[in-house]
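Visitor: The primary structure of each chain is shown beneath.
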Amino acid sequence: MAYDDEDPTAAPPPAIARDDPSKVAIEDVEDAEADEAIPDFRKFASSLPGGGASGGGALNKKATPHVSSKTVRRGEKDFESHGTRLQENALETSRTAMHDVLSYTRTRTPDNTMTGWYFPEHWAQETSEGEKPEGLWRRDRVVVLEAEKGQMTRSMGRVLRGAPKNVPGWDKAWLLPEEALYLVERGDLMLRWPRGPIEDIFPPPEEVDGVKREVARGEDGDYELGLPLSLQAAYSLFIGNEGDRGKVTLEKFQVYSQLRRTGYLVSRASPLFDPPPPSDTQTLWQRLFSLISSPKSDTPKSHPPMGPLIKPGLYRSYEPLYHHLSLIPRHKPTPTPNTPAPEGPFTVTYHVFKSRPGFTKTNLPLPDFRIAVVNARTTDVPSLAEMEALLDSTPWDPPNARSGAGGPSIGHMYQRLKHGWRNVIVAVNDNGMVSYLEFMESAFGEEKLFERFDAKPGAGGKKSSGRNLKGGRGRGRGGRGGRGRGK
Amino acid sequence: MNQTQESFPALPVPAAGLPTGTVPESNAPQPDKEASQAVVPRAPRPPPLTKVHELPIPIRTFPLPSFYPSNPLSLIHVVYAWITQALTAPHEPSIVHEGIWSAKTRSVHIVDAKAIRALWEQGFYGKGHLSRSEPNWLKREQARSGTQKQHVAEEYTRQRREERQQMKWDRARKEQEAIRRVRHLESLVAPVGPMELLRLPNSPSDLAALLAPSDAIGESPEPVANGQAPSKDVSASTAGPGLSLGDLPNTIAALQANSSAASAETLVETLVNGDREQPATPAANAYPSPPPDAPLVESVAQIKRRKSVRFSPKVESTTFMNSDPPSPSLGMSMNGHGIPKSMDGILTNGAIPVQEPSTLPLGNVASSGDALSETAQKSSLSATSNEDSLAVVDKERLQLTREEAFFLTFGLGVLKVRDEKSGELLSTQELFNICRGYSYFPPRQLDLQPDDPFLVQYAVYHHFRSLGWVVRPGIKFGCDWLLYNRGPAFSHAEFAICVFPSYSDPDWKNQGRQAPAHNWHWLHSVNRVQSTAVKTLVLVYVDIPVPTTSEPDVASLLKQYRVREFMLKRWPINRRRD
Chain A
1 MAYDDEDPTA APPPAIARDD PSKVAIEDVE DAEADEAIPD FRKFASSLPG GGASGGGALN
61 KKATPHVSSK TVRRGEKDFE SHGTRLQENA LETSRTAMHD VLSYTRTRTP DNTMTGWYFP
121 EHWAQETSEG EKPEGLWRRD RVVVLEAEKG QMTRSMGRVL RGAPKNVPGW DKAWLLPEEA
181 LYLVERGDLM LRWPRGPIED IFPPPEEVDG VKREVARGED GDYELGLPLS LQAAYSLFIG
241 NEGDRGKVTL EKFQVYSQLR RTGYLVSRAS PLFDPPPPSD TQTLWQRLFS LISSPKSDTP
301 KSHPPMGPLI KPGLYRSYEP LYHHLSLIPR HKPTPTPNTP APEGPFTVTY HVFKSRPGFT
361 KTNLPLPDFR IAVVNARTTD VPSLAEMEAL LDSTPWDPPN ARSGAGGPSI GHMYQRLKHG
421 WRNVIVAVND NGMVSYLEFM ESAFGEEKLF ERFDAKPGAG GKKSSGRNLK GGRGRGRGGR
481 GGRGRGK
Chain B
1 MNQTQESFPA LPVPAAGLPT GTVPESNAPQ PDKEASQAVV PRAPRPPPLT KVHELPIPIR
61 TFPLPSFYPS NPLSLIHVVY AWITQALTAP HEPSIVHEGI WSAKTRSVHI VDAKAIRALW
121 EQGFYGKGHL SRSEPNWLKR EQARSGTQKQ HVAEEYTRQR REERQQMKWD RARKEQEAIR
181 RVRHLESLVA PVGPMELLRL PNSPSDLAAL LAPSDAIGES PEPVANGQAP SKDVSASTAG
241 PGLSLGDLPN TIAALQANSS AASAETLVET LVNGDREQPA TPAANAYPSP PPDAPLVESV
301 AQIKRRKSVR FSPKVESTTF MNSDPPSPSL GMSMNGHGIP KSMDGILTNG AIPVQEPSTL
361 PLGNVASSGD ALSETAQKSS LSATSNEDSL AVVDKERLQL TREEAFFLTF GLGVLKVRDE
421 KSGELLSTQE LFNICRGYSY FPPRQLDLQP DDPFLVQYAV YHHFRSLGWV VRPGIKFGCD
481 WLLYNRGPAF SHAEFAICVF PSYSDPDWKN QGRQAPAHNW HWLHSVNRVQ STAVKTLVLV
541 YVDIPVPTTS EPDVASLLKQ YRVREFMLKR WPINRRRD
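Residue numbers (full-length UniProt numbering), protein chains in the order written: chain A, 1 to 487; chain B, 1 to 578.
Errors might be hidden in some of the hints.
Said to hold, decoys possible - Each computed DSSO-like pair below joins lysine-lysine, with the alpha-carbon atoms no more than 27 Å apart:
(1) Lys421(B) x Lys104(B)
(2) Lys418(A) x Lys476(B)
(3) Lys51(B) x Lys114(B)
(4) Lys448(A) x Lys559(B)
(5) Lys104(B) x Lys416(B)
(6) Lys448(A) x Lys51(B)
(7) Lys114(B) x Lys104(B)
(8) Lys311(A) x Lys51(B)
(9) Lys168(B) x Lys311(A)
(10) Lys332(A) x Lys395(B)
(11) Lys311(A) x Lys416(B)
(12) Lys165(A) x Lys149(A)
(13) Lys168(B) x Lys476(B)
(14) Lys311(A) x Lys559(B)
(15) Lys509(B) x Lys332(A)
(16) Lys332(A) x Lys418(A)
(17) Lys395(B) x Lys421(B)
(18) Lys114(B) x Lys421(B)
(19) Lys395(B) x Lys114(B)
(20) Lys559(B) x Lys104(B)
(21) Lys509(B) x Lys114(B)
Please keep in mind that the hints were generated in silico from the structure rather than gathered at the bench.
Values in this document were obtained by computation on a predicted structure and should not be read as measured data.
Model the full structure from these sequences, guided by the hints.
Guide: Written out as structure tokens, the structure reads:
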């Protein structure tokens, strides 16, 4: 997968001494590089039990159930052949290792495999109440599990507590189409097409009279009740267009399954799980203070219509000068915006959680990320309205408060600017290749750079770190390979 | 295999010490540096940057000295400062610079040298039309001719690039050496693999053909003199997979030298015979490429400036300089520097003067070629430099973009613009209309819209300037503007800005006006460029007001624009999990 986004200019990370806050940027560069290195199958093979280098047979004989938990690590690229035997051997070893890894026999034990039944119409008659987030997309849940097994169900499927008890399958976990398809693809779910109504499989309790019918059902009984479905069949049943009930678009499923495979926990986004916007709890003192200070921070009432905005005269400091220059309204982020809810593709689709102990699907924590999925070919870079609506639908996430009264360091200011006030991730899916971009609502107007100009001379000169303080001409960056950063 | 075996044993020579008087590898680049240091003496330390660029805008402030209650005398200081300022009444902006609107270049030119310095130093406005950005053409010229000992930013850049290039070559050479070493070690092992066995000579005649040229080279210099064998030998040795293509003669001069080696064979022969004690004489075959038994260092030093494309994750650029002569040694000898007259026949063909080893050790020849030519140039210049320096007149102008010029006029009031043709001062409204009209092609006089490219860009420019950022055009980074804290002399730009016009007003929608769409591929490519330059991309949307029947004045028109910033960052899926 790392081949998707190979960096044409992968270079060693810049060897620049920087201040703490700006290390973030370096990490980003390293991220990008580590993200795009080639998987080293030799290391992967040697991490498997039995050791990959010893030959193809070793792996297949010693099948262990934990291989799937291993990840492929990255190696170094070698570009040209220098005709040495050393290189040839390394290439051959790597090839063998890859072959071993790919020819590894993956097995599943039957007791980990779940059985699910496809009932697309079961919740279709639900009223619009079921459409609400409280209904957990009941109308979209089309697969019922006989029993929940294994780790996967920790975050998948929901028992619909609100459902009336006379409906068969009310106490079973129901899967969304993307969950079912992902499980089928993994080999964890045996999907079946029922011959009869749901009562045949999950009879109402009063008919049973204490005897469980599932126990009576043998191996053949399953076939009497319904047919097993192939992966292709599952795809054709679950993949559909935007807005189809009980289906998921291909882009969304690809993003869902990539996030799951990478190790995140994913749930469909719902405003239910968003925290309420913080109320404007201002103390009386703050309110009084804002009354005094707010006219000052706004743009001046009158401007000379033909300029110059700065009237000639004597100025004691730069702050009033810049106050006069302020002409174009600046954006002020608020915790309670009144933009309309997002429509169309730029809507948060999934809530993404980092994997953590104690995660339960019934009591979801606050999501770590919010992801909107768009098609790279049918959508464009969002317009202002789309961007505003998308970002305003995410919760208020202001940067850390300013540190220190004497003006923050410039690195700290950069950090605050880059953190933004809200953020959302847009997964741009180009036929299965997914690129994730994080958008932040930023407010340069909240960080007034000119406030630093009036600082005491000397103190201001030393604080400005940026990068590469000394000389400022970028000398001593010899280790950076050939990529000049320009000015 | 065979050739590499033959040619390889020369490798350990540099480590063991150089009998031929060549300079050890580590010293090879140094003559260059020393020479340049000797030619351009260190400039006197320039004033600190914080002093030069003390003012963030071309307006001076007069802060009162602070009053310390513990020190009553400071009150006197405050009062004194207040009284002097009240009496002298500094009236800022004290100087209003003058510019010329040039319709041809669609920019405003500043001609006065003082104004140029002031506008550059106090807020980094404009660009020198003969410079990269800072208008320092005169300084550069003076530094180049050696009349003024100045430090010029471009000079530092050049030096840094050379150092970096040198570092890359060293690294590449070390890689090559390691590969050669591995190959040598492998060649010592008996061939066992099928490919190696196939590569072995399978008849006595093959063996003879393989051994003949290399034997000849190794033992006697005659084949060198007959003019045919060397070329064969060199091509054979370059055919080895490890040697770079740079060894092949890739200039016409080198080829000519090669062919003329035959015609000048008698001369070469006398040369060779005259210098028996020098085993390195095969250098007379006029190739810059090394003879197989010359130390590797020499070959590296000599191919140093050649174009060479490498495919490796670390060295990714083609490294050569256009200004370099095709081969340093050729260029040097063309100058006729220190060459006996009797050698002219060979020298015009680009041969290295072999009789000079006492003064010019072979290893030096290639690397010090630049220095030598430089000194030669210098000596020739020194005669005439005095007249020249008098003739150097500052021809450089400062070019202000329309946004910069209008901000200086309308925002700060430190600039007045004259029309180029009529020579009359333009009013702010006239300048505003000119800037708007000239943002179209062809320029418009009428039908100016609120979504003029100038207005959209100016709104962004003014927005960030009024917050204290130094805003510079970002075309070199594939964006609209770059944001600097304090200015490009202090730090790199932290943010790169792309401007998007936005028509969200319902009236625009009724008119069917829409912003041009950008596809995701475009956005990704821009973002990719910014992340390699360690900048953060900021998407700036400018919401454009609808046109009104009565044209509002400049200030109230600009007040209707709304600027929204959105940061953009790649989200590496593998890295955010933990």
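Visitor: With reference to the structure, classify each hint as holding or not holding.
Guide: Evaluated hints:
no.	hint	result
1	Lys421(B) x Lys104(B)	holds (11 Å)
2	Lys418(A) x Lys476(B)	holds (23 Å)
3	Lys51(B) x Lys114(B)	holds (17 Å)
4	Lys448(A) x Lys559(B)	holds (19 Å)
5	Lys104(B) x Lys416(B)	holds (19 Å)
6	Lys448(A) x Lys51(B)	holds (23 Å)
7	Lys114(B) x Lys104(B)	holds (24 Å)
8	Lys311(A) x Lys51(B)	holds (26 Å)
9	Lys168(B) x Lys311(A)	violated (55 Å)
10	Lys332(A) x Lys395(B)	violated (47 Å)
11	Lys311(A) x Lys416(B)	holds (15 Å)
12	Lys165(A) x Lys149(A)	holds (23 Å)
13	Lys168(B) x Lys476(B)	holds (25 Å)
14	Lys311(A) x Lys559(B)	holds (18 Å)
15	Lys509(B) x Lys332(A)	holds (25 Å)
16	Lys332(A) x Lys418(A)	holds (16 Å)
17	Lys395(B) x Lys421(B)	holds (20 Å)
18	Lys114(B) x Lys421(B)	holds (23 Å)
19	Lys395(B) x Lys114(B)	holds (13 Å)
20	Lys559(B) x Lys104(B)	violated (31 Å)
21	Lys509(B) x Lys114(B)	violated (49 Å)
The structure does not agree with the numbered hints 9, 10, 20, 21 stated previously, though it agrees with the rest.
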